[in-house]
Amino acid sequence: MSGPSTYQPTNPALQWIEKRLPIIGLVHSSFVAYPTPRNLNYWWTFGGILSFMLGVQIVTGVILAMHYTPHVDMAFNSVESIVRDVNYGWLLRYLHSNGASMFFIAVYIHMLRGLYYGSYKAPREILWILGVIIYLLMMATGFMGYVLPWGQMSFWGATVITNLFSAIPYVGESIVTLLWGGYSVGNPTLNRFFSLHYLLPFVIAGVVVLHVWALHVAGQNNPAGVEPKTEKDTVPFTPYATIKDGFGMVCFMIFYAWFVFYIPNYLGDPDNYIMANPGVTPAHIVPEWYYLPFYAILRSIPSKLGGVIAMFSAIIVLAFLPWLDTAKTKSSKYRPLAKQFFWMFVVVAVLLGWLGGKPAEGIYIIAGRVLTFCYFAYFLIVLPILSRIETPRAIPNSIADDVLAKYGKKAVSAIVALVLAGGLMAGGTQKAEAADEHGGPTPPSLSWSFWGPVGKFDRGALQRGYKVYKEVCSTCHSMNLLHFRNLADEGGPGFTAAQAQAVASEIKVQDGPNDAGDMFERPGRLADPFPKPFPNENAARAANGGAYPPDLSLMAKARNYDRGFPQFVFDFFTQFQEKGPNYIDALLQGYVDPAPKDFALPQGAYYNKYFPGHAIKMPKPISDDQVTYDDGTPQKVENYAKDVATFLMWTAEPHLEARKRLGLQVMVFLIIFAFLMYFTKKKVWANAH
Amino acid sequence: MTTTSSAEHTRRDFLFVATGAVAAVGAAAAVWPLISQMNPDASTIAAGAPIEVDLAPIAEGQDIKVFWRGKPIYIMNRTKKQIDEARAVPVASLPDPQTDQARVKEGHDQWLVVIGICTHLGCIPIAHEGNYDGFFCPCHGSQYDSSGRIRQGPAPLNLPIPPYAFVSDSKIKIG
Numbered sequence: 001m002s003g004p005s006t007y008q009p010t011n012p013a014l015q016w017i018e019k020r021l022p023i024i025g026l027v028h029s030s031f032v033a034y035p036t037p038r039n040l041n042y043w044w045t046f047g048g049i050l051s052f053m054l055g056v057q058i059v060t061g062v063i064l065a066m067h068y069t070p071h072v073d074m075a076f077n078s079v080e081s082i083v084r085d086v087n088y089g090w091l092l093r094y095l096h097s098n099g100a101s102m103f104f105i106a107v108y109i110h111m112l113r114g115l116y117y118g119s120y121k122a123p124r125e126i127l128w129i130l131g132v133i134i135y136l137l138m139m140a141t142g143f144m145g146y147v148l149p150w151g152q153m154s155f156w157g158a159t160v161i162t163n164l165f166s167a168i169p170y171v172g173e174s175i176v177t178l179l180w181g182g183y184s185v186g187n188p189t190l191n192r193f194f195s196l197h198y199l200l201p202f203v204i205a206g207v208v209v210l211h212v213w214a215l216h217v218a219g220q221n222n223p224a225g226v227e228p229k230t231e232k233d234t235v236p237f238t239p240y241a242t243i244k245d246g247f248g249m250v251c252f253m254i255f256y257a258w259f260v261f262y263i264p265n266y267l268g269d270p271d272n273y274i275m276a277n278p279g280v281t282p283a284h285i286v287p288e289w290y291y292l293p294f295y296a297i298l299r300s301i302p303s304k305l306g307g308v309i310a311m312f313s314a315i316i317v318l319a320f321l322p323w324l325d326t327a328k329t330k331s332s333k334y335r336p337l338a339k340q341f342f343w344m345f346v347v348v349a350v351l352l353g354w355l356g357g358k359p360a361e362g363i364y365i366i367a368g369r370v371l372t373f374c375y376f377a378y379f380l381i382v383l384p385i386l387s388r389i390e391t392p393r394a395i396p397n398s399i400a401d402d403v404l405a406k407y408g409k410k411a412v413s414a415i416v417a418l419v420l421a422g423g424l425m426a427g428g429t430q431k432a433e434a435a436d437e438h439g440g441p442t443p444p445s446l447s448w449s450f451w452g453p454v455g456k457f458d459r460g461a462l463q464r465g466y467k468v469y470k471e472v473c474s475t476c477h478s479m480n481l482l483h484f485r486n487l488a489d490e491g492g493p494g495f496t497a498a499q500a501q502a503v504a505s506e507i508k509v510q511d512g513p514n515d516a517g518d519m520f521e522r523p524g525r526l527a528d529p530f531p532k533p534f535p536n537e538n539a540a541r542a543a544n545g546g547a548y549p550p551d552l553s554l555m556a557k558a559r560n561y562d563r564g565f566p567q568f569v570f571d572f573f574t575q576f577q578e579k580g581p582n583y584i585d586a587l588l589q590g591y592v593d594p595a596p597k598d599f600a601l602p603q604g605a606y607y608n609k610y611f612p613g614h615a616i617k618m619p620k621p622i623s624d625d626q627v628t629y630d631d632g633t634p635q636k637v638e639n640y641a642k643d644v645a646t647f648l649m650w651t652a653e654p655h656l657e658a659r660k661r662l663g664l665q666v667m668v669f670l671i672i673f674a675f676l677m678y679f680t681k682k683k684v685w686a687n688a689h
Numbered sequence: 001m002t003t004t005s006s007a008e009h010t011r012r013d014f015l016f017v018a019t020g021a022v023a024a025v026g027a028a029a030a031v032w033p034l035i036s037q038m039n040p041d042a043s044t045i046a047a048g049a050p051i052e053v054d055l056a057p058i059a060e061g062q063d064i065k066v067f068w069r070g071k072p073i074y075i076m077n078r079t080k081k082q083i084d085e086a087r088a089v090p091v092a093s094l095p096d097p098q099t100d101q102a103r104v105k106e107g108h109d110q111w112l113v114v115i116g117i118c119t120h121l122g123c124i125p126i127a128h129e130g131n132y133d134g135f136f137c138p139c140h141g142s143q144y145d146s147s148g149r150i151r152q153g154p155a156p157l158n159l160p161i162p163p164y165a166f167v168s169d170s171k172i173k174i175g
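Order-wise, the sequence lines are chains C and F. Residues in the first sequence are numbered consecutively from 1, following the working numbering. Residues in the second sequence are numbered consecutively from 1, following the working numbering.
By construction, these hints were calculated from the structure, which means they are not laboratory data. Being a predicted model, the structure only gives us computed values, none of them experimental. Any given hint could be a false lead.
[As the list claims (entries may be wrong)] Straight line, CA to CA, 27 Å or less: simulated BS3-like cross-link-like pairs of lysine-lysine:
#1 Lys81(F) with Lys508(C)
#2 Lys467(C) with Lys508(C)
#3 Lys683(C) with Lys660(C)
#4 Lys171(F) with Lys508(C)
#5 Lys173(F) with Lys71(F)
#6 Lys683(C) with Lys229(C)
[Stated by the list, open to error] Which chain F residues face chain C? A few, computed with CB under 8 Å, are given here:
#7 Ala18
#8 Gly26
#9 Ser43
Quick reminder that beta carbons are idealized off the backbone N, C-alpha and C, glycines included.
Generate the whole structure from the sequences, applying the supplied hints.
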């Protein structure tokens, strides 16, 4: 993308095309002959990784849009039917939802790399500003995408973020109404967010083209921060940079696959597995992890307008970086003070992210204000002063000198550091939700057969759990997302099609109208959903003392408890994903009668150790010997609880076994491929040294 | 560039080919789910399960249209005249030769069950119209006889017979 190409194809057909549209020459000069500094380290592979992630998000997103219904009544269930019914739908959905997080992890590394090595300095100011624009577009796209599943966090995230605009004086309310297309977040909002969420990635792709164009005009920065002078300083993009980027990409894919196949809900919010309810706000509203630092800045300013301005300024200030840091030396490698302040800034940013997930109270508010000050001070005070007072170390004369000085440094250690940093960053920035002071004890961690990389459901437990559900839970709780056919699905309770059909035909389903226009009853079919215990919410409330027994389909993914730091960092490595089943199991066994003396139990409620707030409207649902087990398992509450928790894990994640099985295959493949790429890269680069 | 021995060349070439081959396999495998998702999903397949149709209300000379897997199925209670016409025509003269007996279930000769989609370009033919006491497609003028066989017009094939069986004398199961 830098000037006319001198490339001439030898094939006459290609020559014919080239004379009319020099596209091969363009590709050749941009991605083959393009000279790239020979001393680039692995932090430079994140540009390629980001392009890859943009491609993954667009491809999986276009596919998800083929199955998704943007309507407030259907959006939530359509996402669930993608995950449950569409071939590989669970894979595509998890690739997309975790892809957003991977995209942001990569972009933060990419930005910090630019910050550390001074990549925003002349002549790369426009390149940098285009990057800030891409980042803003990414944030908008990510936000609107998070609204589409129409869970509780989607809805309330949309409400909170759109309300930011109400801070604008005089016209704020009108702008918010305009954004909503109504008087609250509703169907018009969802429809336009869907439309824009589909549009913006292509806008990003367009700005990425400008970004790459600007990059190829100015040339890449490099760890030494000196511009290439002779041909010895550079190597051609292909094969050198392509193979190196490729290796970096495969390593990143391993990290990505770890999330998709083993901990797909680690970065998500359990509340988003509850369908949007405009009448109930979740106890803790937190945005996705990648917005948390800015969310913390928003909350630390004690004024509505001030907070919004501070939050947007925190991003906009990046665009002014080329003029805030005027130091001649680009790379922080040669700036002893700037280097230290850079790492302090990284810590400040991560801490802000951690604070963003904490409730805005007490010490957290003070800490938030201090860190917000530090954040802005880095850009507005530290960098301008440093560029005037700091004495940099001597920079190398040329890139070739830099390469000779450090040749032999281990690439592997860089990659290990990279993967570890990624893991820790993901763990460290995961929102640590506040421990509810009324939450009581943490449910004990049980051992589950479906834990870990090769976990499988215990068929016996699933069948017993189904029996408990059917005889006990289903008298009050619905199971809207399950169909009788699912009982015979692979990876489920292991019913045969005939057994599932027999279960289905036990119920009567209203159908019709017939030729006479009358509704009639027929026996259930495999395609029918599980029957509801009550015809509607009001009937359910009337029969349950005002409480609405929640739907159980996704219960095992919709309940959560705080694991605290550093436990949730270890959870990333141990693939701990069983908070939901632990909670359900504990809840069913957590009834205490009578309630502790100092606890004021409301009328019609029961005391439960593990229920948030302890006062639960559901009476103790099950006691010993209530359900007959045919396989000799002791008929104790603890077995009932564990079996039904297992069953609910399956109803929440019916393709768990397929996910882990495919995950193992993908992991083995990627690791082999990574080794091959590494050795190929070594061979290719052997020529350059 | 350093000079390399030929043995080293072979080893290097093998590595490059192996890496390229693994990359190609990975790319091909990654495409599979992206294509496979376009096939009918589990709920569509479950909804396409067999259906039962009660024939008792259909009087002689009448027909009904039911839907199975989103396709219109004509169930026609043929008159004696219609059956005789269908059986009188010389099979060899037909564009898509097939006997009427092969298109109905033995012992239930008056019942014609066909998928009502014109084999030309997918329009729905109108029953009891056209010159052959059968079906007439309004889109491009294809005419089918009382056995659902193509007789005239651009359609190349007879109306297809869906899989079905008689559960009892007055009830069929389609699918």
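Hints and how they fare:
1. Taking the CA atoms of Lys81(F) and Lys508(C), the gap is near 43 Å; set against the 27 Å cutoff, the hint is violated.
2. A distance of roughly 19 Å separates the Cα atoms of Lys467(C) and Lys508(C); the hinted pair therefore holds under the 27 Å criterion.
3. Between the alpha carbons of Lys683(C) and Lys660(C) the distance comes to roughly 34 Å, so the proposed pair goes past 27 Å and is violated.
4. Distance hint between Lys171(F) and Lys508(C) is fulfilled; the C-alpha atoms sit about 21 Å from each other, no more than 27 Å.
5. Taken as a hint, the Lys173(F) and Lys71(F) pair is honoured in the structure, with Cα atoms around 15 Å apart against an allowance of 27 Å.
6. Between the alpha carbons of Lys683(C) and Lys229(C) the distance comes to roughly 26 Å, so the proposed pair stays at or under 27 Å and holds.
7. Because the beta carbon of Ala18(F) sits about 6 Å from the nearest beta carbon in chain C, less than 8 Å, this interface hint is met.
8. The criterion of a C-beta within 8 Å of any C-beta in chain C is met by Gly26(F), whose closest approach is roughly 6 Å, and the hint holds.
9. Hint status for Ser43(F): holds, given a least beta-carbon distance of 5 Å to chain C, under 8 Å.
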